[in-house]
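Visitor: If you read the sequences in order, they're chains A and B.
Counting in the numbering used here, the first sequence runs from 34 upward without gaps.
Counting in the numbering used here, the second sequence runs from 171 upward without gaps.
Hints in this document: simulated from the structure, not taken from any laboratory.
Be aware that a few hints might be false.
[To be verified] For lysine to any residue, the following SDA-like pairs were computed, each having C-alpha atoms within a straight-line distance of at most 20 Å: (1) B:K228 to A:L39; (2) B:K178 to B:R238; (3) B:K190 to A:I57; (4) B:K178 to B:H200; (5) B:K178 to B:A244; (6) A:K126 to A:T51; (7) B:K178 to B:Y205; (8) B:K228 to A:I115; (9) B:K228 to B:E211; (10) B:K190 to A:R97; (11) B:K228 to A:G38; (12) B:K183 to B:A244; (13) A:K126 to B:R214; (14) B:K190 to B:Y239; (15) B:K228 to B:R261; (16) B:K190 to A:L117; (17) A:K126 to A:D99; (18) B:K228 to A:L117; (19) B:K228 to A:T43; (20) B:K190 to A:D99; (21) B:K190 to A:R55; (22) B:K178 to B:S226; (23) B:K178 to A:L39; (24) B:K228 to B:H200; (25) B:K228 to A:T51; (26) B:K228 to A:E40; (27) B:K178 to B:S235.
Just so we're clear, the structure is a prediction, and the values are computed from it rather than from any experiment.
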Amino acid sequence: MSTTGLEELTGSTISVITNDGRNIVGVLRGFDQTINLILGDCHERVYSTKSGVEQLLLGLYIIRGDNVAIIGEMDEELDSQIDLSAVRAPPLKPISH
Amino acid sequence: MLFYSYFKTLVDKEVVVELKNDLAIAGTLHSVDQYLNIKLENTRVVNQSRYPHMMSVKNCFIRGSVVRYVQLPADGVDIDILHDATRREARGT
Chain A
34 MSTTGLEELT GSTISVITND GRNIVGVLRG FDQTINLILG DCHERVYSTK
84 SGVEQLLLGL YIIRGDNVAI IGEMDEELDS QIDLSAVRAP PLKPISH
Chain B
171 MLFYSYFKTL VDKEVVVELK NDLAIAGTLH SVDQYLNIKL ENTRVVNQSR
221 YPHMMSVKNC FIRGSVVRYV QLPADGVDID ILHDATRREA RGT
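Kindly generate the complete structure, drawing on both the sequences and the hints.
Guide: Here it is in structure tokens:
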């Protein structure tokens, strides 16, 4: 494959891991060559070792491509089977070059 | 260009991508581009219990700029071909 595009992910729910270690979940509406992203109906999932996953509602966001680390295609079926209130995890480390 | 071409020969192989935030993701190399952005399929995080952040994610796109290592299968590497390509690249061909 000579181009790895995000075309096929538009319209689906994705999980974006940003360079500062945040996890933002939303619907991919658009993107460009520098991986700037438009995410609709998004929320941030905050992980902690002391309490379950907190979901902060955000709305319509643009994430600058510089700050994107991973874009994961969310399997909604798998996600609905997870009890987020029972998940305990340390927050992800930020990207350090 | 050399590594882009090299990664293209590794499509469909099992690799482990280690990122600059210490997260390691194993999966099948689906595609790569000129920025060495990587698309993996059938992904699983190496230390799943420590990183449940990607439990519902089975396919992912990894931005080239955040990759620290790409761990390759030993039999996926033809050293001689790599040496030749490197020599040619160094010469400026």
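Visitor: Next, verify each hint and record whether it holds.
Guide: Consistency of the hints with the structure:
no.	hint	result
1	B:K228 to A:L39	holds (15 Å)
2	B:K178 to B:R238	holds (19 Å)
3	B:K190 to A:I57	holds (19 Å)
4	B:K178 to B:H200	holds (9 Å)
5	B:K178 to B:A244	holds (16 Å)
6	A:K126 to A:T51	holds (10 Å)
7	B:K178 to B:Y205	holds (13 Å)
8	B:K228 to A:I115	holds (15 Å)
9	B:K228 to B:E211	holds (6 Å)
10	B:K190 to A:R97	holds (18 Å)
11	B:K228 to A:G38	holds (17 Å)
12	B:K183 to B:A244	holds (11 Å)
13	A:K126 to B:R214	holds (18 Å)
14	B:K190 to B:Y239	holds (9 Å)
15	B:K228 to B:R261	violated (41 Å)
16	B:K190 to A:L117	violated (26 Å)
17	A:K126 to A:D99	holds (17 Å)
18	B:K228 to A:L117	holds (18 Å)
19	B:K228 to A:T43	holds (16 Å)
20	B:K190 to A:D99	holds (14 Å)
21	B:K190 to A:R55	holds (14 Å)
22	B:K178 to B:S226	violated (27 Å)
23	B:K178 to A:L39	holds (18 Å)
24	B:K228 to B:H200	holds (12 Å)
25	B:K228 to A:T51	holds (18 Å)
26	B:K228 to A:E40	holds (17 Å)
27	B:K178 to B:S235	holds (18 Å)
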